[in-house]
Amino acid sequence: MNEVETRASKLEAGCSAIDAGEPDDVDLVKRCQAGDSSAFNDLVTRYRGKVFTMIYGMVQNEQDAWDLAQEGFLKAWKSIHRFKGESSFYTWLYRIMTNVTIDSLRRKGIRGEAEFDDRIAAVDVEPGSRTTPSSVPLPNKKLEHREIRQRIDEAIAKLSPEHRAVIVMKEIEDLQYNEIAEILSCSLGTVMSRLFYARKKLQSMLKDLYETL
Amino acid sequence: MRPFEEKLTAWFDGKLSAEEARSFLKDYPSALEEKAEFLKLRQLLRQGLESRVLEHPDFFNAQIMAQIMRESVQRRSLRRGWLGLPQIAWGGVGALSLGFAMFVALIPHGDLSDPRSGYVADVLKTKTHDPNVKATVDNQKNMTIIKVEGLHKVPPEKDLNH
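Taken in sequence, the protein lines are chains Y and H.
Each position in the first sequence, counted from 1, maps to that position plus 495 in the working numbering.
Each position in the second sequence, counted from 1, maps to that position plus 77 in the working numbering.
Certain hints may be false.
In silico EDC-like cross-links for lysine to aspartate or glutamate, where the CA-CA straight-line distance does not exceed 16 Å [stated by the list, open to error]:
hint, chain 1, residue 1, chain 2, residue 2
1, Y, K702, H, D207
2, H, K211, H, D199
3, Y, K702, H, E110
4, Y, K702, H, E111
5, H, K230, H, D207
In silico negatives: residues of chain H with every beta carbon more than 10 Å from chain Y [as the list claims (entries may be wrong)]:
hint, residue
6, A98
7, Q120
8, I165
9, G168
10, I184
11, T213
Label pairs and their calculated CB-CB ranges [as the list claims (entries may be wrong)]:
hint, chain 1, residue 1, chain 2, residue 2, range
12, H, K103, Y, S682, 24 to 30 Å
13, H, P134, Y, D669, 18 to 24 Å
14, Y, S532, H, S107, 54 to 60 Å
Hints are computed from structural coordinates only; laboratory data are not their basis.
Heads up, the beta-carbon is just placed ideally off N, CA and C, and yes, glycines get one too.
Could you put the whole structure together from the sequences, leaning on the hints where they help?
See below:
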């Protein structure tokens, strides 16, 4: 089981009592708030894999994902005294990471293609419409994993930062709607709407790929 | 009532109740086909993105901790710098106090404007402690006359004739 899978299974356990004998998030956070940086090191170890995967899913660049994850963890350390435990630590951490990543994407001028913008979606997309195959020719041999990843990266790169965030959090992290809404500070309806249009767009771009797998 | 896209998404993700799901499928039978496509997309995304593993994780931690230590040291030195200002102020106050104390202790005091006044004061001090007694000095040629006024009587110990 690789690190990501290990972390995922730990998250499913609710982040409490991660492993027998390991302190849970609440204990580590309290120690961090008392100035214990080694406790923060443990939290970084616990979440670095998930955070990196999530950010990479949004930026599709390893170096950027590394830098943004570091920036996010440093922000978390600086503001950990403000964490009151109203949400779980990982929800709070993901909110920081998502904001850091979305800000970075916006600074780079990435807005996604407008046709799936939530605000104009009702005009541009027929709700019951079927997805159309991409114009990319179907491969007649099984694609290498690297190529698959490249195609996915290209498709996600065409989404807006907000659509990327919901796709990664739902499809990769398997977070619940309310968790995503809390992280992104938006309503449940907005989460579902963004998921709908992001999925539609990805289906239209990746249909040839998933049909061959 | 939720719009179609929200309902479809909720149905995909198993968030509709059994009754809502039945009603939804009755209205949109093609949704079943869409769900099959969506599940393939989900599988593809998970396959493509979950495989991304953070390389050199220990170095990742080390960089963060080094940055935290650097900022902590900077904050401490900054705090020391701020604490230095009151220290300087207290030092200044101390130096001024010391200077004042030395001035009080080492510099002679009293009315030094007229040496005669000191002489008259010495005479009065010798003759009496009564503050109502006054003395005047009359400088004559080859002599100085000191007149003492207000003495009721010459104290026995000062009476030269006694």
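Name the hints, by number, that the structure is in violation of.
1, 7
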